[in-house]
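On the provided structure of chain A, position chain B as indicated by the hints.
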Amino acid sequence: MIPDDAVERLMDSAQKIGNACEVAGVKEWEIFASQGYGNSLDIEAGKISMASGGGEGGFGIRIVEDGRYGFAHLVDPSSAERAIHQALSIARKSPSIEGFELPGNQSAPRVSGMKDKAILDMGPEDLLEQGDQILTRVAELDKRAVAVGGGIGVGAGAGAIVTSSGIEDGGVYTSHGIGIHVSIDEDDQLTSSYEGESSRGLLKDLTACVDKAVHWSQITRQKIAGGETEDCPVLMTSDGFSPLFSVVVPSAIKGERLARGESFWSGKMNEIVMADHLSLVDDGLMDGGMSSGSRDDEGVPSRTQKIVDSGRLAGEIWSTRDAAKLVSEGKVSEAETTGSASRGGHTSPPICGCSDLILSSSSNTHARDRLVEEMEEGYIIHSVMGAHTANPTSGDFSVTTSTILRVEGGEVIGALSQAGFSGNISKALSGRVILGDSSKRKGSYSTGSMHVPDVLMLDGLRINPA
Amino acid sequence: MVVTTRQSDSLFSNGRLLDEDKITKALNNATDLGAEYAEIRLVSETTNTASLKDGKLERAIPGQEVGVTMRILADGAWGVHSTSDIASIADQVAPTLRLAKAVAARRSPSQLAVGLADVPIIEDEIHWKSIKDVRDTDLDTRIELMLAIDNEAKDDEKIVSTSTGWSDEHIHTELMTSEGMNRVWSFQRSLINGMVTARDGSDVVSYRMRHGGEGGLEFIESCDLGEMGRNARISALRLLGAERAPSGKMPLVADRDLTGVYIHEALGHPCEADLVAAGDSCLEGRLGQTIGSEICTVVDDPTMRGGYGCYPIDDEGVDVRPKNLIVNGVLTEYLNHRETAHRYDLDPNGGARAQDGLHHPLVRMSNTVIQGGSHKDLDELIEDIEFGVYACGSRGGQVDTGRGSFQFAAQEAWIIENGSLSRPVRDVSVSGMTLEILKNVDGLTRDAYLGAPGFCGKGQTVPVGDGGPLMRIREALVG
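Sequences listed follow chains A and B, in order. Per the working numbering, the first sequence runs over residues 12 to 477. Per the working numbering, the second sequence runs over residues 532 to 1010.
One chain only, chain A, in its complex shape:
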């Protein structure tokens, strides 16, 4: 899927662009290069509708001059001179940040599980066979069920970073992902569920996603009438909680936002911000982590960082520039990079972002059935619509769910057709909370990868049945 010498080629081109920077008189430069390849198939209306392949890549140039930085990106290295000129011109219009310089070279720990040879060896036909497996599984599980949408993809990418400060690093990573949207449309009632999973290694059991999608399409068919609006306990499955969590929490732990008063946790360092048995760790070194690696996206060694320790806000994440900037502005007395720079690819400069973010509990965690018993009365929510409309500044959210089960007497008694669901994530996590016992990763987002179990939140949430 990827040429054997992909990294060497990128490093070579990046070095040439770096040399062009030197010729242009640029003393501090950073070249970030990426090249990705992939195959995918689309599923629609119970069949494979399309197979695709391809690749893309390019280079990002960041230059720093007297604490000012400029950036430009390009696809063809032969146009580097123009891009360098653009970046230089921008740098000269940018504010100078005292103490800001590109990170120096430090040895970085090795993170394993970033690539899987089995994926590198996969061809389009292998992927089509996986598509067949999925469609067969849907039909086996429920004759009424149809895979109305989804797909499978495999990817391999090469990345490299070369800087004037001596960082020269690169590597290959792989990914394998599945998304499946199953619906059951019978007796004028349609229920559906979307499930997804991705991994750096070959997914061993593609049908697990299918099983879950069919299961949720089935169990939400036993409709009951919605009751009154009520403030009540809610058990969010990890799949339902992860999108909300990803919109609100990664943003709140950025050092810059905390320092500027833009986070609901601003001014609360060393204070209790979550239930005292909860901890939050940003792990950039997770083996096989979708957002981990030996270095961050500006070449700084990755690390594992405690953000919330037993409910107490204990850390924050920084990129090199943000740290220097907020110190020079006097917003914080000291700050330094935490190896938390990330990019959306070669077209963007590094910005601060979390890696593999893990929510855990030091108290007893329980299987889902036990959590339902603990809840006694309330609701289970497996997915929400509008997670992206949550307010990352305040933590407030007001979303809608059509995958919601009513619990009474510690047992599921039926499903609502639709309900509003609102509250504040920060406040809910600082109240009475019990976590599930599975911490499997649920979702990779532009903000990082979330590792959250099922979460039973007993306080501050409101259900508004349709």
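Do not take every clue at face value.
[To be verified] Below, a list of computed lysine to any residue pairs in the SDA-like style, where the Cα atoms sit at most 20 Å apart:
1. A:234 <-> A:383
2. A:58 <-> B:644
3. B:989 <-> A:188
4. A:438 <-> B:654
5. B:780 <-> A:236
6. B:584 <-> A:338
7. A:104 <-> B:666
8. B:584 <-> A:107
9. B:780 <-> A:238
10. A:104 <-> B:668
11. A:154 <-> B:641
12. B:584 <-> A:111
13. A:38 <-> A:12
14. B:587 <-> A:110
15. A:438 <-> B:774
16. B:587 <-> A:335
17. B:780 <-> A:428
18. A:58 <-> B:668
19. A:104 <-> B:682
20. A:279 <-> B:733
21. A:342 <-> B:731
22. A:58 <-> B:637
23. A:104 <-> B:582
24. A:234 <-> A:15
25. A:438 <-> A:280
26. B:689 <-> A:341
27. B:584 <-> A:15
28. A:126 <-> A:15
29. A:58 <-> B:636
30. B:556 <-> B:685
31. A:38 <-> A:99
32. B:780 <-> A:239
33. B:587 <-> A:112
34. B:685 <-> A:341
35. B:584 <-> A:354
36. A:126 <-> A:12
37. B:587 <-> A:341
38. B:584 <-> A:362
39. B:989 <-> A:208
Please keep in mind that the hints were generated in silico from the structure rather than gathered at the bench.
Chain B in isolation, oriented as in the chain A frame:
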């Protein structure tokens, strides 16, 4: 099929990036090998983004990206190859054809083969020239305009931070097909946005603003940016201390931004014929049926110059036109591309859009607007509401097209009591079922126009415009 040739102004063009002879040979090769249809589409984007944080330049990013996608239809199935390496695309004919045939081989006898509706085969160039070409705008000008927002937005001690952003792009597309289509088009988009964060003790809120559309610098200059910043500041300060919105079913009045998001989510997406064909739309089989109140007429119009969702030609080379999705409450048209037009025996209406040169076209909206009604103004809309909510500004929305349920969230809102606006509330979201709530629209003001620009995600992200008049919904689920 009709072959036409048009005269057009090419001064705006980047010139041709595809090697026409080489591409023609590759397309012929595809049909020689058994393809029913083949196309190669290149998109070159010249972009500039910039942002200020608290009035200081945070980043400015000039970019030049090129992508090219080949689609091959063989034995009634698609194979696709996308790359940023333009020179290599012609070499991918055979592997992509094999992909298409492998997909086709898996189709059961009961499943329909893909076919394409006939369209006029056109060779031409269309370039929508901006008055002030974005490629001529310098960074100082961008900074100055962003500062016009920032200076007004930050003018209160409770405003703890401001950020402003800029994005402009020149989009150049070339499409060649095995049918002989050979079209080139280009146009520009410009966008300016901002966000203010206000804090009072532990209470922290944010408010976003956005202005943008098809066109160059003149589009940004036409906006009173100072007023935009001022309004954002006032709104953010008003949100501080605003109580939580009530929950339950009640009358809702939406401003233009929210009306636009509502019509985009609740109606526009279920009208996309690729979702209908996938069995994932609540509007399947409902063409010609009354699905909304008779005061509802909704148009999706990519020709509405200035709208953020404009485009001169769709990404299959089909001429664009306004699409009447609902006329007086009756569903009259789906948005379609050539594949779905063929499937449903409809006229192709130019609804194919791809995110960029590295993605294949899907059925997408453009500028979606609900037409004006008969109410004079907001006062007239709310005068007989005993208790309800007036919601303004969009934080986005989402739809489950199959189930027909949707959700959208407002930036700010007021309680309506006894025919008047009373106190502000926050965190208002609205949800409902498409087939119920369209019938509950019982009031529209006379003037309809586009609200703030938006971005629509459907696996791929494309810019869209949406809007309408102020709209009253008799009963909606709030909170």
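Next item on the list: List, from low to high, the hint numbers that the structure doesn't satisfy.
Entry: Numbers 4, 13, 18, 24, 27 and 30 - these are the hints that the structure violates, sorted from lowest upward.
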